[in-house]
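Per my numbering, the very first residue in the sequence shown carries number 73; after that it's consecutive.
One thing to keep in mind: the hints can contain errors.
Here are the in silico distance ranges between beta carbons for each label pair [as the list claims (entries may be wrong)]:
| hint | residue 1 | residue 2 | range |
| --- | --- | --- | --- |
| 1 | G178 | L242 | 35 to 41 Å |
| 2 | S260 | R109 | 16 to 22 Å |
| 3 | Q166 | E239 | 21 to 27 Å |
Since the hints were derived computationally from the structure, they do not count as laboratory data. In this text the structure is predicted, and so the values were computed from the model without any measurement. From the three backbone atoms N, C-alpha and C, an ideal C-beta is built for every residue, glycine too.
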Amino acid sequence: MRRWIGLFIFTLLCAIAYAEKPEQKVGIALYLNDITRIQPQEEIIELEATIFLRWQSEKKGVKDQYFYGNQVDDALKTMWWPYFIFLDTRGTTQVTHKAMKISNNGMVEYMAKYTLSIETALNMHKFPFDTQTINIQIAPFGPMPYRIHYYLLNDKIGINPVAHIEEWDLTGTKNKISAQNENQYQLSLNYQRKSGYYLYKVFLPMLIIVFISYMVLWLPRQPAINRLAVIITAMLTIVAFQWAVTSDVPKVSYITFLQAMVLFFFIMVGLKAILVVIGESVKEAEKYKLMHWSRIIYPVVLLLGIIIISWIWFSIY
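Could you put the whole structure together from the sequences, leaning on the hints where they help?
Shown next, in the form of structure tokens:
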């Protein structure tokens with residue numbers, strides 16, 4: 073009980089101490105220079121961005137002062153500045169360029185270009201027809217003599233027109249200051265995957281393979297071993313397609329849309345093997361009747377299966 077009372081008093085004192093700090097408004101903005109790579113397997117985004125900060129300093133002079141490169145670090149050692157960090161980074165964050173201006177009225181404008189990797193959770197349920205939201209977050213770091221209050225520098229916000237990735241389309245951006253925490257800035261990037269590659273190189277070939285193997289239902293007079301050979305070849309080809317696209321998908325615990333379709337095609341091809349075996353175990357007249365109805369029902373089941381899987385994955389997820 074004493075421990076909980078002590079913890080409550082400590083939290084209360086910290087809150088009072090924070091509330092007594094004077095407020096410091098800091099303008100902030102990100103200009104996205106480039107998205108160099110999106111790695112779905114590791115859920116990492118590699119990018120280059122320029123951060124802009126603006127705040128009022130007590131340091132004033134008779135004229136404007138300009139600093140570049142290492143001069144910026146030397147100047148910041150002589151004054152307070154709103155030190156910050158990028159959240160959810162991985163690896164080394166590099167600063168490639170820096171510049172700063174201190175106006176004669178004490179207004180400081182700081183800019184720095186960063187190269188960094190951001191960890192982000194990717195929702196791959198609809199892969200390869202998925203959309204992803206990438207959040208780049210910035211927050212103050214370390215003890216401060218002020219309560220930092222971020223506000224947006226709308227004139228600095230932007231995206232380089234050539235900042236794009238071949239496999240993705242940028243569909244929208246949003247800059248905001250957290251409603252719960254006014255000292256946290258977030259840039260959200262919405263990307264839509266270009267799915268043409270998977271349509272033409274994966275889905276269409278697999279459909280062709282399924283329909284080629286469907287032809288065995290039209291050849292009841294052929295030896296069963298020949299028809300089964302065609303079916304087994306089709307199944308192995310589908311497995312090969314699955315392995316070919318595995319490298320593009322993180323090792324998630326759920327089934328993506330592409331994996332669901334591959335599994336469904338695999339089952340549909342295997343179903344023909346079952347029909348062939350059943351046909352060989354019944355009388356000739358029943359065999360032809362079975363093949364006749366199979367030729368009619370099979371395409372219907374295939375189409376319904378594709379529609380149902382698409383509805384489940386795109387409605388629920």
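Hints versus structure:
no.	hint	in the structure
1	G178 x L242: 35 to 41 Å	holds (38 Å)
2	S260 x R109: 16 to 22 Å	holds (19 Å)
3	Q166 x E239: 21 to 27 Å	holds (25 Å)
Checked against the numbered hints listed earlier, the structure breaks none of them; every hint is satisfied.
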